[in-house]
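So the sequences go chain by chain: A and H. Take 3 as the starting number for the first sequence in the numbering used here and just add one per residue. Take 50 as the starting number for the second sequence in the numbering used here and just add one per residue.
None of these hints come from the bench; they were simulated from the model. In this text, a Cβ means the ideal position worked out from N, Cα and C, and glycines have one as well. Be careful, since some hints might not be right.
To be verified - If you only want the chain H side, here are some residues facing chain A, beta carbon under 7 Å, derived:
no.: 1; residue: P134
no.: 2; residue: Y140
no.: 3; residue: F147
no.: 4; residue: K150
no.: 5; residue: Y188
no.: 6; residue: D201
no.: 7; residue: F309
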Amino acid sequence: MTAILKKEINLFFSSLIAYISMAVFFVVLALNLFIFEGNILDSNYATLDTFFTLVPWILIFLIPAITMRTFADEKQNGTIEFLATKPITDFQIVVGKYLAALILWFLTFLPTLIYFICVKKLSLENAPIDSGATIGSYIGLFFLGAVFVGIGIFSSAITNNQIVAFLVGVFLCYLMYDAFFRLSSLPIFEGRLDYIIQSIGLNAHYDSISRGVVDTRDIIYFLSVISLFLIATRTALESRKWS
Amino acid sequence: MSIIVNNLSKTYSDQKAVDSISFEVKKGEILGFLGPNGAGKSTTMKMLTCYIPPTSGNATVCGFDITQQSLDVRQKIGYLPENNPLYYDMYVKEFLEFALKVNGQKSMVNSNQAIKNAIDLVGLEVEQHKKIGQLSKGYKQRVGLAQALIHDPEILILDEPTSGLDPNQLADIRHLIKELGKEKTILFSTHIMQEVEAVCDNVVIINKGKIVANDKTSNLQTRLAGEVLIEVEFENMVSETELNKIENIHAIEKISETNFILHGKESTQLRKNIFAFAVSKNNALLTLKQETKSLEDIFQQLTN
Ligand SMILES: Nc1ncnc2c1ncn2[C@@H]1O[C@H](COP(=O)(O)OP(=O)(O)O)[C@@H](O)[C@H]1O
Ligand SMILES: [Mg+2]
C-alpha cells in the first residue's frame with residue numbers, strides 16, 4: 003500500500019500539470035481575495051467568506067483533474083494487470099491510490115492557510131477575524147476535498163479514458179455538492195423531505211462545519227461518503243471478474 | 050507438480066474462450082503453451098495468475114488453489130502479461146524497486162541486492178539508469194522479465210514474451226528464458242512452433258479453447274517432421290494422375306489446370322523430382338515455391 007502511495011505521488015510530481023494546477027489554484031484564489039472587485043481589502047470585514055464559497059466550485063474541477071489518471075491510465079496501459087496480479091488485495095490498491103491523492107490535495111490546500119494569516123494580520127483590532135469559524139471552514143474544506151478525491155478515483159476506475167474520468171468526476175462532484183441542495187428547494191419537496199434531500203448533499207454539511215461548530219455527525223457523514231466511494235471503486239475494479 | 054490445471058473453463062458472455070482444459074507443469078520444466086491467436090492462451094494465464102476467475106474447474110499453483118488462496122498463488126508467481134505493460138514514466142531501477150515492494154519485500158538491503166541480481170540476470174546493466182519509456186522494445190522486454198523474477202518466484206508465467214521483437218532480440222530473449230528454466234518452472238505461451246522447439250521440454254497445444262496435444266517437444270517434432278507444401282505452376286496443363294507418379298508426394302491440391310500445391314516430406318530430392326518431371330514432359334516449370342506448414346495446418350493435422 004505504501005509502495006503504491008509513493009509511486010502515485012512521485013508520478014504526480016513528475017508531471018508539469020501538477021505544479022501548474024497547484025499554482026493556478028493558489029493564484030486564482032489570491033486574486034479573488036485580495037485584488038478583484040469585491041475583495042476583502044475593500045470591505046471593512048476581516049473574513050475569508052469569499053474564499054470559502056469560491057473554493058468548492060474550483061475543487062469540482064481541480065480534484066477530478068488530479069485524480070483522472072489514477073486508474074484510467076493503468077487500465078489504458080494494461081499496468082492494472084501488473085498490479086492486480088501481485089500479492090496485494092484490490093482494496094489495498096484503492097486505498098493506496100486514495101491516500102496518495104488525498105496527500106496531494108492536502109499539499110494543494112496547505113498554502114492557502116497563508117491567506118488566513120494575512121487576513122488575521124491585516125484585520126483591525128475592533129473587527130478581528132472570527133478564528134473559530136475560519137478554522138471550522140478549513141476543516142470543512144479539507145473534508146469536502148477528501149470526498150471529491152473519493153469521487154475522482156471512482157470516476158477514474160470506471161473507464162480507461164482520462165477525459166471521460168475527468169468529466170464524470172466533475173459531474174459527480176457537482177451532483178454531490180450542489181444538485182441535492184437545489185433539488186431540495188423545489189416546491190414539491192416542501193416539508194420534511196427537503197431537509198433529508200439536502201442532508202444527502204455535501205453542501206449542507208460543509209456549511210454546517212463552516213459555522214465553526216465541528217459536529218461529529220458531519221464528520222461521520224463525510225467519512226461515510228468517502229468509504230462508500232472507496233468501496234464503489236473496488237467494485238469497479240473487480241468488475242473485470244464478472245464477464 | 051508446480052501447476053495443476055483441472056477442467057478449467059472460461060466463458061466470456063456467450064463465447065467459450067477456454068473449454069475445460071487440463072494439464073500439469075512439473076517442477077523445473079519449461080512448458081510451451083502453443084496456439085494461434087484467440088486460442089485461449091492469455092485467458093488461461095490470466096486465470097492462473099488470479100487476474101480473472103474461472104467460470105468452472107480449478108487449478109493449483111504450488112499446491113495453492115487459484116480461487117481460494119489467491120494471495121499465496123500470486124506470491125509464488127512471476128508474471129509477464131501479454132504486451133508487457135510497464136510504467137514508461139518510471140526509471141528502470143525505480144520500477145524494479147516498486148515491483149519488489151508490491152511483492153511484499155520490505156528490507157532495503159535485500160531489495161538493493163535483488164534489484165542488482167535481476168538487472169544482471171536479464172542483461173540490463175547498460176540501460177539501468179534510463180527511463181523505461183526511452184528503452185528499445187527488446188530492453189523493455191528485459192525490464193518485463195526482470196519485474197517478473199525480481200522476488201525470486203518459483204514459477205514464471207510469460208505471455209508471448211517474444212512477440213514483436215526483431216530476430217536478434219528474439220534469440221536473446223529465448224536464450225534468457227532457457228537459462229531461467231534451469232532454476233525455475235516456466236509456463237510460456239507463443240504462437241511460433243520453432244520457438245517451442247528451441248526452448249521447451251514439453252508442449253501443450255491449444256486451439257479454440259481446447260487442448261489438441263500435450264507431449265514432449267521431441268515427440269511432436271517427429272510426428273510433424275518435415276511436412277512441406279510446394280506450390281508449382283507449369284506452362285501447360287498437367288493431370289493429377291501424372292503428378293501423382295512423382296516420388297514422395299503425399300497429396301495434391303489442384304488450384305487450376307496448371308497450378309497445384311503438392312504435399313510431401315521435406316527434401317531436396319522432392320524438388321529435384323518435380324523439376325525432372327517437368328523436363329521429361331517438356332513442360333516449363335514457372336513457379337516452384339516451398340513453404341513449411343503453418344500452425345493452422347499443424348492443428349488441422351493434429352485434430353484429425
Ligand atoms: N475480456 C474479454 N471479453 C470477451 N472476450 C474475450 C476477452 N478476452 C479474450 N476474449 C476472447 O477469448 C478468446 C481467447 O482469447 P485469448 O485468451 O486472448 O487468446 P490468445 O491469448 O490465445 O490469443 C478470443 O476469441 C478472444 O476474442
Ligand atoms: Mg494472447
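Practice task
Identify whether the interface hint at H/P134 stands, where standing means a beta carbon of chain A within less than 7 Å of its own.
Solution key: holds, 3 Å
Handout entry: chain A contact restraint on H/D201 - CB to CB distance below 7 Å
Key = For H/D201, the interface hint is violated, since the closest Cβ of chain A sits about 14 Å away, which is over 7 Å.
Problem - Status of the H/F309 interface restraint (C-beta, 7 Å, chain A) - result: violated, 46 Å
Practice task
Under 7 Å, Cβ to Cβ, is where H/Y140 needs to be relative to chain A, so tell me if that hint holds or is violated.
Solution key: Status violated, d = 10 Å.
Exercise for the section: Go through the hint on H/K150 and say holds or violated, using the shortest Cβ distance to chain A against 7 Å. Expected result: Holds, about 4 Å.
Handout entry: Interface restraint verdict for H/Y188 against chain A (beta-carbon cut-off 7 Å)
Key = violated, 17 Å
Handout entry: Interface restraint verdict for H/F147 against chain A (beta-carbon cut-off 7 Å)
Key = Constraint on H/F147 satisfied, holds at 5 Å.
Checked against the numbered hints above, the structure breaks hints 2, 5, 6 and 7 and satisfies the rest.
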